[in-house]
Amino acid sequence: MHFTKPSPPSDDKRWRIVEATMRRHGYDPYALIETLHSVQQTFGYLETEALQYVAKALRVPLSKVYGVATFYHFFTLKPQGEHTCVVCMGTACYIKGAPHVVSAISEKYQVQPGETTSDGKLSLLTARCIGACGLAPAVVFDGEVAGKVTPEEALERIGRWTAQ
Amino acid sequence: MNQPVRVKTLKIDDRDVSGREDETILEIARQNGIFIPTLCNLQGLTPIGACRLCLVEIKGVSRLLPACVTRVEEGMEVYTQSERLQKYRRMVLELLFSERNHICSVCVVNGHCELQSMAQVLGMTHVSVPYRFPRLPVDASHERFVVDHNRCILCTRCVRVCDEIEGAHTWDVMGRGIDSRVITDLNQAWGESETCTSCGKCVNVCPTGALFEKGKPVSERLKKRQFLPYLTMMREERR
Amino acid sequence: MTPEELRKLAESQEEARPAPRHRIKICVAAGCLSAGSDRVRDALQNEVTRRGLENECEVQGVGCLGLCTMGPLMLVEPDGVMYQNVTESDAAAIVESLGKKPVEQLVCPSDMSFFTKQYKIVLENSGVIDPEKIEDYIARDGYTALARVLEDMSPQDVIDEITRSGLRGRGGAGYPTGLKWSTVAKAGGTRKFVICNADEGDPGAFMDRSVLESDPHRVLEGMAIAAYAVGASQGYLYVRAEYPLAVKRLRTAIRQAERLGLLGNNICGTTFSFHVDIRLGAGAFVCGEETALIASIEGKRGQPRPRPPYPAEYGLWGYPTLINNVETFANIAPIIRNGGDWFASIGTEKSKGTKVFALAGRVKNTGLIEVPMGITLREIIFDIGGGIPDGHRFKAVQTGGPSGGCIPEQYLDMPVDYESLAKVGSIMGSGGMIVMDETSCMVDVAKFFMDFCVSESCGKCVPCRVGTVQMYNILNRITSGEATMEDLALLEELCDMVKYTSLCGLGQTAPNPVLSTLQYFRDEYVAHIVDKQCPAGVCQMRQ
Numbered sequence: 279m280h281f282t283k284p285s286p287p288s289d290d291k292r293w294r295i296v297e298a299t300m301r302r303h304g305y306d307p308y309a310l311i312e313t314l315h316s317v318q319q320t321f322g323y324l325e326t327e328a329l330q331y332v333a334k335a336l337r338v339p340l341s342k343v344y345g346v347a348t349f350y351h352f353f354t355l356k357p358q359g360e361h362t363c364v365v366c367m368g369t370a371c372y373i374k375g376a377p378h379v380v381s382a383i384s385e386k387y388q389v390q391p392g393e394t395t396s397d398g399k400l401s402l403l404t405a406r407c408i409g410a411c412g413l414a415p416a417v418v419f420d421g422e423v424a425g426k427v428t429p430e431e432a433l434e435r436i437g438r439w440t441a442q
Numbered sequence: 022m023n024q025p026v027r028v029k030t031l032k033i034d035d036r037d038v039s040g041r042e043d044e045t046i047l048e049i050a051r052q053n054g055i056f057i058p059t060l061c062n063l064q065g066l067t068p069i070g071a072c073r074l075c076l077v078e079i080k081g082v083s084r085l086l087p088a089c090v091t092r093v094e095e096g097m098e099v100y101t102q103s104e105r106l107q108k109y110r111r112m113v114l115e116l117l118f119s120e121r122n123h124i125c126s127v128c129v130v131n132g133h134c135e136l137q138s139m140a141q142v143l144g145m146t147h148v149s150v151p152y153r154f155p156r157l158p159v160d161a162s163h164e165r166f167v168v169d170h171n172r173c174i175l176c177t178r179c180v181r182v183c184d185e186i187e188g189a190h191t192w193d194v195m196g197r198g199i200d201s202r203v204i205t206d207l208n209q210a211w212g213e214s215e216t217c218t219s220c221g222k223c224v225n226v227c228p229t230g231a232l233f234e235k236g237k238p239v240s241e242r243l244k245k246r247q248f249l250p251y252l253t254m255m256r257e258e259r260r
Numbered sequence: 005m006t007p008e009e010l011r012k013l014a015e016s017q018e019e020a021r022p023a024p025r026h027r028i029k030i031c032v033a034a035g036c037l038s039a040g041s042d043r044v045r046d047a048l049q050n051e052v053t054r055r056g057l058e059n060e061c062e063v064q065g066v067g068c069l070g071l072c073t074m075g076p077l078m079l080v081e082p083d084g085v086m087y088q089n090v091t092e093s094d095a096a097a098i099v100e101s102l103g104k105k106p107v108e109q110l111v112c113p114s115d116m117s118f119f120t121k122q123y124k125i126v127l128e129n130s131g132v133i134d135p136e137k138i139e140d141y142i143a144r145d146g147y148t149a150l151a152r153v154l155e156d157m158s159p160q161d162v163i164d165e166i167t168r169s170g171l172r173g174r175g176g177a178g179y180p181t182g183l184k185w186s187t188v189a190k191a192g193g194t195r196k197f198v199i200c201n202a203d204e205g206d207p208g209a210f211m212d213r214s215v216l217e218s219d220p221h222r223v224l225e226g227m228a229i230a231a232y233a234v235g236a237s238q239g240y241l242y243v244r245a246e247y248p249l250a251v252k253r254l255r256t257a258i259r260q261a262e263r264l265g266l267l268g269n270n271i272c273g274t275t276f277s278f279h280v281d282i283r284l285g286a287g288a289f290v291c292g293e294e295t296a297l298i299a300s301i302e303g304k305r306g307q308p309r310p311r312p313p314y315p316a317e318y319g320l321w322g323y324p325t326l327i328n329n330v331e332t333f334a335n336i337a338p339i340i341r342n343g344g345d346w347f348a349s350i351g352t353e354k355s356k357g358t359k360v361f362a363l364a365g366r367v368k369n370t371g372l373i374e375v376p377m378g379i380t381l382r383e384i385i386f387d388i389g390g391g392i393p394d395g396h397r398f399k400a401v402q403t404g405g406p407s408g409g410c411i412p413e414q415y416l417d418m419p420v421d422y423e424s425l426a427k428v429g430s431i432m433g434s435g436g437m438i439v440m441d442e443t444s445c446m447v448d449v450a451k452f453f454m455d456f457c458v459s460e461s462c463g464k465c466v467p468c469r470v471g472t473v474q475m476y477n478i479l480n481r482i483t484s485g486e487a488t489m490e491d492l493a494l495l496e497e498l499c500d501m502v503k504y505t506s507l508c509g510l511g512q513t514a515p516n517p518v519l520s521t522l523q524y525f526r527d528e529y530v531a532h533i534v535d536k537q538c539p540a541g542v543c544q545m546r547q
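Residue numbers (the working numbering), protein chains in the order written: chain Y, 279 to 442; chain V, 22 to 260; chain R, 5 to 547.
Hint data in this document are derived by calculation from the structure and do not stem from the laboratory. From the three backbone atoms N, C-alpha and C, an ideal C-beta is built for every residue, glycine too. Hints may be right or wrong, so weigh each one.
[Claimed, not checked] Not the full set, but computed from the structure, chain R residues with beta-carbon under 8 Å of chain Y: (1) Pro207; (2) Gly365; (3) Gly405.
Only chain Y is shown next, with the shape it has when bound in the complex:
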């Protein structure tokens, strides 16, 4: 059957990056996860239009795309806050007090792990070991890893963001 390649959901130039990923894999359905990585890296999250587009372009059933996107915790279907704070909850960090860091942030900013504050400023996330066990507890503030973080320090770093 003849197959027409669908056009991207918008004329946003960033779709070219996603298209390049799919082209590199010959629009093979097997490239679903690689393509979702590309979408998330480019747009920050996987929105519905993006999932529909990827499904059509790779000829993967819609429900399968959704099933894959929600199976892997690295993918997010919601936009992230302006700033992200990822607290490592690996074993070493856990026994060195990471839960206290999470609850301090959670209480002060009224945000549950995995969620974003209502003003869209801060996303609080937890990770299953970022591999910085030697520096437990570790927290990633906007992509920058900090080691041996106390709850006070974490609040102080976040406070600097919200003060701006």
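Following the hints, put chains V and R in place on chain Y, whose structure we already have.
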């Protein structure tokens, strides 16, 4: 030409039986009238070994193996009814009953539900683990059918029949672990699905009251499954 | 490139560099990086430039030096002085001291047992070479094993050598590597695959990340040798997306190796071709299980399928597939270079060679270590690890992560090998080793791991999907003082059932942390249930 079929002889529950090398323990057991309980398995769909009810003991193998996907081998000695297996099977059912909201008295398939009858057959008299009572939605947006997630046991028969037989792949599973849920398309309301052909195969293969047809009295909600072997056979012939 | 040319290239690398009088090697692996080592490196470089010493002193970013807790770490050569906790403001003093007396207050004593008790095979280049320069790797005999294999060994010779070495899978289960290779080699068909499992998801382990960040070529070389031995021409490296630095360095390494003809078509001028592609994991621990990993590379939900058939016969896209983990592949080149007998002379009777551990938790020296098999836990924790800090007392050591167990004090003198660890209810695992003191509550630890399994269960089979949740709920009731002794009995029944009926390794081993803590610390469970007290003072009891 076809390869000559090799026949294997083995013992199931001390009975001498034989089968083709590409057949599973479950198939051979059924051919010989030996009962092995199953839930996710349905003849005509790819077996996945997920419900663990069909686990059997094999002499010389330390692990328990699912009969639905384990091929027969020469000289195998299979045991299907040990006390240990029966205990595990009852616990599998108990876990399933505790997982969502299975209340038979108010269920649309009360009396012809596979989960319910399996519990009776396997002698599951009570559930020893606490019920979780999750709050799960019911989607009645489809003009003919309803999906009630409270009664779903995630056997994925609907997913497989829609993909393998109907070829629409409207169904799949989202999330993972205890948060898994069957979905249509991009987790849309079933009634708004772009791919569903409303063929009703999913409803007919569902073992519980999770998928059912609207507007029929309970007594008429028997699942019609004869289409499966026929469709499978026709396809194989055409190949 | 022919083996002869490779040797020449290595030699020319040595000569081409007019060796600077001083070389400052600063660790830029993730641990030290998060302590700011990149800023320190820039500060050092600026200082060198400011003083016009560019020809005298080279500042080099290298891989992991091991003692992560003291990061950023750096090594000054040829003096062999190691500095710890270096900051940008120390740059001037360090450059000033070159060739003179070391900066006293920053010196990290390299004669401490942390360094002297280790035995490095996998980590031999970590902290020595620049991971982004293939020339550095070649100068340290890199790719000579591959060249030798292609020049004068048959695939069967390679498998025999690996079998002779006694190497066992370093991913945790310890399956003999030679046997696995030989199964894939014997499998029919012309299309086969080699996969490197770098989906290190065990919470508390960072060995693979460190190897990939510090010495990526070693893994590629191991994969290429494996591909030659089993007859594959395509390989995949399945890496966690959470390790961006490792991914970046691997991409660089693959590009460099392809440019020199050490990967790609007609490697070293022979008919052997091998291509490696990277596939990113996406945050699913279960994808460490080989059939789930294969599903993930195929672009599907990472759900395992029943084995048999094993991937060695029916793997990626249905073709015979060899899957080994990072550390296993990292051992291959040294085994070929030095011979299987050499490797077999290290370690114990059934566990050969060395093992890399990520030592963390309540221990003075946390970081990455490599020790010979058969070393005792006491030597690791008290000699290398420096013991328990702040006057606390050792309580247990956890190995094997969510699939392993907690080992109590009475087994501290036990040798570390696959069989001994299994005998006391734990496993070797991939190499996470978390030390706990009396401030850790063992029920809480068990709950932590069960919580992990609940959120990582793929949801396919009933015992793992529902059983782990029920076990977690019971543990939760115990730690909040709401459980009864009947709950404890139910917990034990569930442990037994989930262990023997789950579909894959994740479910089958999920009860292990509970079982091992119940075995050695049952009194703590009872204290929570009967006395409504947490002996370690960790759990908040509801009144």
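For each hint, the structure was consulted:
no.: 1; hint: Pro207; result: holds, 4 Å
no.: 2; hint: Gly365; result: holds, 5 Å
no.: 3; hint: Gly405; result: holds, 7 Å
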